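J.: Let the hints inform the model, and build the full structure from the sequences given.
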Amino acid sequence: MSETARANILARLRAAPRQMVPDRPDWTPPTYGEGRLARFRAMLEAVHGEIHEVTTEDWAERISVLLADRGATRVMVPPGMTLPDGLVAVPYDQPVEELKAVLVQGVEAGITWAKAAIADTGTLVLWPDADEPRLLSLLPPIHVVLLRLGSLVDNLAQVMAEQTWAAGMPTNALLISGPSKTADIEQTLAYGVHGPKELIVLVLTDA
Amino acid sequence: MGDFTSRAPAALNDPTLRANFRRAMDGLMSKRAAQFADKDAWESLRAQGAAAKARVVARLPELLEQLEANLTQNGIVVHWAETTAQANAIVLDILQKAGAKTVIKGKSMVSEEMELNHHLEAHGIRAVESDLGEYIIQLAGEAPSHIVMPCIHKNKAEIASLFEKNIAGLGYTEDVDALTAAARAALRGQFASADAGISGVNFAVAETGTLVLVENEGNGRLSTTLPPLHIAVMGIEKLAEKLDDLPALLSLLPRSATGQAITTYVNMISRPRQPGEKDGPKAVHVVLLDSGRSRVYADAQLQDTLRCIRCGACMNHCPVYSRVGGHTYKFVYPGPIGKILTPQLEGLDCAGDQPHASTLCNACVEVCPVKIPIADILVRLRAESVNSTGSGAVKGAGSMRKRLESLVWKGWAAMYGVPMLYRLGSWGLTRLGNWLPDSLPMLKRWTSVRTRPRFAAKTLHELARDKGYDHE
Numbered sequence: 001m002s003e004t005a006r007a008n009i010l011a012r013l014r015a016a017p018r019q020m021v022p023d024r025p026d027w028t029p030p031t032y033g034e035g036r037l038a039r040f041r042a043m044l045e046a047v048h049g050e051i052h053e054v055t056t057e058d059w060a061e062r063i064s065v066l067l068a069d070r071g072a073t074r075v076m077v078p079p080g081m082t083l084p085d086g087l088v089a090v091p092y093d094q095p096v097e098e099l100k101a102v103l104v105q106g107v108e109a110g111i112t113w114a115k116a117a118i119a120d121t122g123t124l125v126l127w128p129d130a131d132e133p134r135l136l137s138l139l140p141p142i143h144v145v146l147l148r149l150g151s152l153v154d155n156l157a158q159v160m161a162e163q164t165w166a167a168g169m170p171t172n173a174l175l176i177s178g179p180s181k182t183a184d185i186e187q188t189l190a191y192g193v194h195g196p197k198e199l200i201v202l203v204l205t206d207a
Numbered sequence: 001m002g003d004f005t006s007r008a009p010a011a012l013n014d015p016t017l018r019a020n021f022r023r024a025m026d027g028l029m030s031k032r033a034a035q036f037a038d039k040d041a042w043e044s045l046r047a048q049g050a051a052a053k054a055r056v057v058a059r060l061p062e063l064l065e066q067l068e069a070n071l072t073q074n075g076i077v078v079h080w081a082e083t084t085a086q087a088n089a090i091v092l093d094i095l096q097k098a099g100a101k102t103v104i105k106g107k108s109m110v111s112e113e114m115e116l117n118h119h120l121e122a123h124g125i126r127a128v129e130s131d132l133g134e135y136i137i138q139l140a141g142e143a144p145s146h147i148v149m150p151c152i153h154k155n156k157a158e159i160a161s162l163f164e165k166n167i168a169g170l171g172y173t174e175d176v177d178a179l180t181a182a183a184r185a186a187l188r189g190q191f192a193s194a195d196a197g198i199s200g201v202n203f204a205v206a207e208t209g210t211l212v213l214v215e216n217e218g219n220g221r222l223s224t225t226l227p228p229l230h231i232a233v234m235g236i237e238k239l240a241e242k243l244d245d246l247p248a249l250l251s252l253l254p255r256s257a258t259g260q261a262i263t264t265y266v267n268m269i270s271r272p273r274q275p276g277e278k279d280g281p282k283a284v285h286v287v288l289l290d291s292g293r294s295r296v297y298a299d300a301q302l303q304d305t306l307r308c309i310r311c312g313a314c315m316n317h318c319p320v321y322s323r324v325g326g327h328t329y330k331f332v333y334p335g336p337i338g339k340i341l342t343p344q345l346e347g348l349d350c351a352g353d354q355p356h357a358s359t360l361c362n363a364c365v366e367v368c369p370v371k372i373p374i375a376d377i378l379v380r381l382r383a384e385s386v387n388s389t390g391s392g393a394v395k396g397a398g399s400m401r402k403r404l405e406s407l408v409w410k411g412w413a414a415m416y417g418v419p420m421l422y423r424l425g426s427w428g429l430t431r432l433g434n435w436l437p438d439s440l441p442m443l444k445r446w447t448s449v450r451t452r453p454r455f456a457a458k459t460l461h462e463l464a465r466d467k468g469y470d471h472e
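Here the protein sequences line up with chains A and B, keeping their order. The first sequence stops at residue 207 when you use the UniProt record's numbering, and every number in between is there. The second sequence stops at residue 472 when you use the UniProt record's numbering, and every number in between is there.
Derived by calculation from the structure, the hints in this document are not laboratory data. Each hint can be trusted.
Below 27 angstroms or equal to it, Euclidean Cα-Cα: the simulated DSS-like pairs (lysine-lysine) are:
no., chain 1, residue 1, chain 2, residue 2
1, B, Lys242, B, Lys371
2, A, Lys197, A, Lys100
3, B, Lys371, B, Lys330
4, A, Lys100, B, Lys101
5, A, Lys100, B, Lys282
6, B, Lys97, A, Lys100
Quantities reported herein were computed from a predicted structural model and do not represent experimental measurements.
T.: Right, dumping it as structure tokens:
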């Protein structure tokens with residue numbers, strides 16, 4: 001069935017009159033220079049994200065303070081990541097089928113690294129992989145993201161070009177801008193509808 | 001049922017519906033305007049978006065083949081469907097072979113076009129909508145009234161009653177956070193136990209074989225990540241040529257739709273779960289649906305309809321849509337884009353009234369992020385609907401032709417072609433026109449809701465002569 005459908009559809013499309021293929025007009029996406037981090041912060045905060053500047057020395061301590069404030073103790077982490085006393089690190093070290101119950105109900109926060117971030121829209125770029133699976137940034141009610149300041153760029157076009165995305169896309173690439181939200185009921189914003197209710201970004205200013 | 005005109009009064013006379021739409025449309029228009037306050041930046045971004053989609057239309061068959069090749073190489077299974085019935089059969093077959101009994105769905109207008117939920121339920125498979133708006137209308141047993149915000153026609157009180165009735169343990173509350181939390185709790189279990197996830201696609205990138213989905217809630221990510229099987233359904237036009245096209249398109253879509261700089265999530269899927277990866281579906285399928293689109297493509301003017309990225313800005317700014325709401329259109333795609341798309345997909349014989357439900361005010365054209373000439377296409381479809389000797393590009397052409405109307409236009413043409421007839425006609429109308437009864441068949445629809453203009457006592461030529469202008 002699908003083969004015949006394919007042939008019929010393509011035949012109809014090929015028989016149609018063709019328009020000229022237009023050129024891509026010049027377009028320069030916005031850049032921010034020295035104001036890059038300020039722009040990133042403003043855009044992220046505008047969509048209910050929280051942002052803190054930390055260092056490679058003190059980020060773990062900051063996480064433990066931030067999570068203690070929220071009464072969160074059980075934290076899903078990439079295998080090998082250790083957390084200060086007081087937090088229970090639950091490694092995402094098995095396939096989701098084994099961990100479903102823990103992921104859906106059993107942890108209060110999840111920690112991932114960002115591959116990059118985009119100042120223009122206050123966006124985090126994640127390429128989930130075997131160590132930091134896709135659901136780690138989605139199921140726990142609080143998502144904590146570690147971002148190296150050096151990986152903050154101006155716009156999406158820049159990150160795609162610098163990291164040569166077209167040469168090979170990962171299984172899943174994500175752009176995340178704020179916590180999960182909806183405005184489906186009378187255009188009133190509500191957070192945490194299916195994904196995290198809170199998004200906390202720690203910017204490692206010395207990395 | 002009936003036509004648009006007969007359905008409209010019920011909506012126009014419903015004060016709750018009117019208020020719900022007015023509030024929503026005003027909010028959406030002002031949020032969008034704030035995003036595009038810099039007119040130069042808007043025009044240059046829009047030129048980029050329009051060119052990206054025009055390139056897709058210009059090279060559609062080649063890009064579809066490239067997309068198919070890259071998806072297949074990435075391990076995603078590609079299916080083609082000429083009709084919605086074929087697409088339903090393909091989805092059902094995939095689910096049955098996987099032994100799936102329950103499906104969790106992300107928002108997809110193509111699946112609405114297919115009436116996929118009904119089809120699956122008729123075959124014993126339960127499909128649960130997970131987008132909050134879609135979940136609400138599924139509970140209410142209704143269809144979406146807007147392509148981006150499906151339950152925009154409902155207010156808090158209506159949703160509170162609906163949840164009270166359908167979610168065990170939840171009393172009546174109008175608190176939006178409480179309603180949202182109740183839906184989250186009700187759907188978490190569904191996500192965890194679903195055998196498959198079904199989603200739409202916003203952009204399928206031919207260059208890399210990547211499915212791009214935008215959303216705010218996270219339900220789209222859950223539907224495409226947690227269940228072991230993911231099926232994406234998409235129209236054959238929803239392509240982007242290259243990743244390089246995404247920055248402009250991903251900027252235009254949410255800003256035009258909801259006035260957001262970007263959606264909370266942009267989810268780019270290129271493969272099923274790979275060895276060593278711990279989550280994600282083990283199998284990913286894509287169903288490419290034609291359902292009339294290749295016919296739209298067959299006409300050089302009409303094929304611009306296929307640029308649409310489904311942002312909904314045209315309906316948010318439409319003076320007709322904002323007063324009658326989405327359900328009055330009866331079909332899946334309402335508003336200006338619906339008025340040009342539906343008659344082409346379904347035929348003018350069953351949706352020929354749609355292009356006429358417009359004031360041609362051009363607001364939709366001004367806000368369209370990919371520059372679809374909606375007004376020109378509306379006029380073209382109006383002509384096709386009454387012209388039986390038309391181009392044959394649209395199914396059901398000529399089905400709206402009325403003998404009396406065509407007679408009147410023939411008389412009009414004759415009057416303007418022959419000076420003596422013109423003088424006779426205008427003389428007659430100035431002397432007798434005001435005596436014509438309001439109830440005349442051609443006049444009634446106009447005079448029943450409007451004050452009739454009065455004819456002057458003399459023709460323009462007579463008035464000119466009285467003033468001393470002798471020559472014509």
